[in-house]
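Chain order of the listed sequences is A and B. Once you know that position 251 of the first sequence is 250 in numbering that gives the first Met the number 0, the rest is easy, because the numbers rise by one and skip nothing. Once you know that position 282 of the second sequence is 281 in numbering that gives the first Met the number 0, the rest is easy, because the numbers rise by one and skip nothing.
Among the hints, a few may not be true.
[To be verified] Chain A stretches covered by chain B per the calculated footprint, using a threshold of three residues with CB under 8 Å from any CB of chain B:
1. 21-35
2. 49-60
3. 477-487
4. 490-500
5. 540-554
6. 599-613
By construction, these hints were calculated from the structure, which means they are not laboratory data. Backbone N, C-alpha and C fix where the C-beta goes; we use that ideal spot for every residue, glycine too.
Number of protein chains: 2
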Amino acid sequence: MPFGYNGKILRVDLSKREVSVEAQDEVFYRRFMGGRCLALYYLLREMRPGVNPLGPENKLIFSTSVVTGAPAPGLARFNVSAKSPLTIGTYGESQAGGFWGPELKFAGYDAIIVEGRAEKPVYLWIQDENIEIRDAAHLWGKDIAEAEDAIRRDHGDRLIRVAQIGVAGENLVRYASILNECKHANGRSGMGAVMGSKELRAVAVRGHKRVELKDREGVSRIARVFADSFMENPSNKGLNIFGTSELIDTLNEWGQLPTRNFQTGFIEGAHNISGGAMRETILLRGEGCFACPVRCKRVVKAEKPYVVDPRYGGPEYETCAALGSDCGITGLEAVAKGNELCNRYGLDTISAGAAIAFAMECYENGILTREDAGGIDLRFGNEDAMVSMVEAIARREGLGDMLAEGVMRAAEKIGKGAERFALHAKGQEVPMHDPRGKVGLGMQYALSFAGGDHIQAEHDVDFDFTAPEVYLEQAKVLGILERLDRLDFSLKKVRMIYYLQHHFSFLDTLCGCVFGFAPVRAMTMAQLVDLVSAVTGWETGLWELMKLGERGTNMARAFNVREGLTRVDDRIPQRFFEAVTGGPLKGASLSRKEFERALKAYYRMAGWNPETGIPTEEKLYELDIGWVAEELRRHGKLPRGDD
Amino acid sequence: MPFGYNGKILRVDLSKREVSVEAQDEVFYRRFMGGRCLALYYLLREMRPGVNPLGPENKLIFSTSVVTGAPAPGLARFNVSAKSPLTIGTYGESQAGGFWGPELKFAGYDAIIVEGRAEKPVYLWIQDENIEIRDAAHLWGKDIAEAEDAIRRDHGDRLIRVAQIGVAGENLVRYASILNECKHANGRSGMGAVMGSKELRAVAVRGHKRVELKDREGVSRIARVFADSFMENPSNKGLNIFGTSELIDTLNEWGQLPTRNFQTGFIEGAHNISGGAMRETILLRGEGCFACPVRCKRVVKAEKPYVVDPRYGGPEYETCAALGSDCGITGLEAVAKGNELCNRYGLDTISAGAAIAFAMECYENGILTREDAGGIDLRFGNEDAMVSMVEAIARREGLGDMLAEGVMRAAEKIGKGAERFALHAKGQEVPMHDPRGKVGLGMQYALSFAGGDHIQAEHDVDFDFTAPEVYLEQAKVLGILERLDRLDFSLKKVRMIYYLQHHFSFLDTLCGCVFGFAPVRAMTMAQLVDLVSAVTGWETGLWELMKLGERGTNMARAFNVREGLTRVDDRIPQRFFEAVTGGPLKGASLSRKEFERALKAYYRMAGWNPETGIPTEEKLYELDIGWVAEELRRHGKLPRGDD
């Protein structure tokens, strides 16, 4: 009997302090598989629209997938979903690597649905069949590492895996993250704030089962092939040696490294915050996730000018850019310190950096004063200011309290035209990629269910005329047969993004790592399909997986539609339609006309009504989720009857 | 370098008596692969709409695919395409098995584009690099077997493979077929008439090259697995033992065996014309196509009441029903004789049988008289009448001349309400499956590019509640996870047909045999994907192949749109909306309202304009054939500009 059939879903009602275990049949697991689709199944079925994301009615769902925890690279991640408190009421989601996801599977569960709100701080303790809602008074207010140690001490077991919020989550910072192992973050869309609103400090897991593999030898074989060959792939090799911040030098050279709140894309001294420089200075070691040989994560240690604790890992590319160049900063220790604090307190580094960059631009334009900033000289490039602001945001002190709301809400509060510096989509701060240098990314920002997000699809720049041949070769199986310029905005580009989006969406449903499975990486699509088949025993294929991805995209869209979003919410900051002010990309801007035309074409291509942006009934039935169409109809979002 | 890259396309201009060889690059082969897509590429690029299908401007394209001729089961078929002379001006296409397709590959060619018209009868002689347009005076008017023998004698080589028309093609019978080995027919949509209009009697091929295989051992391994296991699959086992006419008993039992021009679906004595009865009486042996162990083809021999020559093979299910039950006949030797004559003269057995059944119903209703029929008592069940009419049609004698035009044109000529007995879609006679017993088939008939055609998709009945578990298991990889009643006409059924159609369409582009590769057969989808990869060296997958299939469907649709067809042409005979008059299915009829709703849903699901049935620009770009949108726009079939 296939593995998925034996899956269990844990339901925890914190208000009633009740725990139950539910089962779903194999068709359910094959149709939804895990991650995004599994979470959205419950959110669409069980939650009504309009709930307060920080109220007890919101549901916080931890989900793995049918392949999570299998001993092969890229299957270590888990997903956290809820209605986002950061955005304009969208579906929120974030994934993290590490060891927590596999551990949940070892305990025998595919997912946890957390409902209600505890009366006082608690944490959830899961040890195989033993599930307890435990008091967390001794953890509240503590740094992440302290709390992790305390939980492990509580149970006398150092192998317990803890996913938890820090003080930022306790303080309902709208972009609070969830950390596991003190360094793997579910960063985006404020899942930590939802967790905080439920007074749930941590979910601690210890499991003793093995993940069932239908073809254990098949899984091992693929894992061995990957381990033996990944260094031959330029992307995986770079990740292994330099980590994700390898990207800094290239993007700066191209003029696409977000600098001073995206005013420009080039900064002198960028190399200081690159993976190469890190390797030569503060890097202790690389680290990896469960069963992965790539070890792309960084662990850094510094003494001056900032003391940086290696317990909290090291900065990724996004962090180096958000707390670095985007704040006008090129001091690696400062960036590493900012990163350490974000992890110590449970803050998303992207949104935190973006919020600080926003504040700096407001400051330099006289919209925020030194007094507003509590005496801090909030100019671009001020490392101490950045580090102080991270602390202030986590603790909601002074200006930090306002920035803890995210740039959209902060700009509203500040007024004075501050919104032109608030770079967000659907309320979420845009990450560290500039669509003026790769236009497909602009579509991603506009179309992403939770706004500013850079991993909704492989970036189109990876298949342009500068990309290595191996990338294009691996994209062919997705139907991408020819290169396309990074600035091309034709229907061909719309198609490319549409297809690539399915792919990343099914990875998010399988909780697969894009660093293992994207077309530009060492693992081929055939290997991925074989891996899913070997674990589940299902004869699957890329059609089924791509449609799984599209299903996830449409379920998320339906969530947003039900919440009242329309196509006018698919927009990106005005800044991207204005010229880059300096660097190699100086003068580049997106064409609004081309952008709008591409979006409209996307809706039609996606089977969405081009006037409303709402998925058609036929598309939802095509994706085998006709009940979602009925749900939208019930809420007046789809026309009745034949038309 | 992948195999497809070395492909060659032969172009033969019969008017100018010129022969040339062309090449296409690897991206072309990967995007179009062969068969349907390759043919439509040239028809859409090079032919203007409105040409006379029987004039020199029509192009007749013989195409194989990148996998044809590889030594594995199901890869023996080839495709013939042109504008159809039988239909209302649609794209026409027909595929045949046997040995001719592989032989063309052994000679080094993927396709032949035949243009113009010869001044007098010719045949094409292809021996590797040697290509000749030769005189065919000695073949003209001859039976198929005589002509085949003559060509082999011409060149002193008994291994020459000959695809040829017979006297029916010479006489431009609108449903004339093309035969190879005297028994494998490109039967449907009148490709033999197009060949006849070009005065091209035959294409004779002898090749001495090997098909390049990137992974010869991989191909062998899959072929071995198939050979070792296909008898475990109920469908393949039945095909091996009984041939396709195994189906007769089941359909009759279900009340779905077309009888007396589809008036009913049950006939006493049906078992006489079944595969089981054939095996016990006139069967000499089973035969197969190149490299296939299933050997589903029948070879029969009889002495009385009809002498049947085994050289012309034996009747398939379609033939047993068309010349048998649909004409009210259950005499196996009569059916076998009718089949032999159809093959001897080059007539499509389905359209021939349907035309005779039409005439019989006209006769029984007094619309055709005994005088009209040249003294023949044309009542249902008259075996001699059926056999005589096959002769008369091929020779265009008497009433046969009118029936040689197909039922649509014959009914127009007859008048007197005869059109209510003319069971065709888009001008092509419907084959031997009744949509009142499996509603998805009605959609196929309506949507098929060339009208009445039963192999546009696996029949929905194969996934209903009576189907073996193994069928459903293999359909899961296409996204079909649950059974659906054969009479279900919901959006779920529309989706099922839509998906199954992609699958059959890519088989028609790969020139793959549906008896090898459909989800109800022994070959799994994973094996099929592996086979394509092993032959071509491309890491392909089901996404790419399913999109290939959808591309073919849309290219054919675009051909028809360019010819002026609209959604009102997507219709099926009124008879299917009326009650079956007897048998187990008595009283059953299609609901016109449900049918229209399903069609409209299909258009939306397919990315076609629901008002016009025309593919949207976005769908065509999505399928990587944006140039087809531009072509439609050039002909005023797509709106200009942004909308």
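Hints and how they fare:
Here the stretch 21-35 of chain A counts 3 residues with a CB under 8 Å from a CB of chain B, which clears the bar of 3, and the coverage holds. Only residues whose C-beta sits within less than 8 Å of a C-beta in chain B count toward coverage, and the stretch 49-60 of chain A has 0 of them, not enough to reach three; the restraint is violated. Only when three residues or more bring their CB closer than 8 Å to a CB of chain B does the claim for the stretch 477-487 of chain A stand; here the count is 4, and the claim holds. Check result for the stretch 490-500 of chain A against chain B: holds, 5 residues qualifying (beta carbon to beta carbon below 8 Å, three or more required).
Check result for the stretch 540-554 of chain A against chain B: holds, 7 residues qualifying (beta carbon to beta carbon below 8 Å, three or more required). Taking a C-beta to C-beta cut-off of 8 Å, the stretch 599-613 of chain A contributes 5 residues in contact with chain B, enough for the three needed, and the coverage statement holds.
The structure is inconsistent with hint 2 alone, although it conforms to all the rest.
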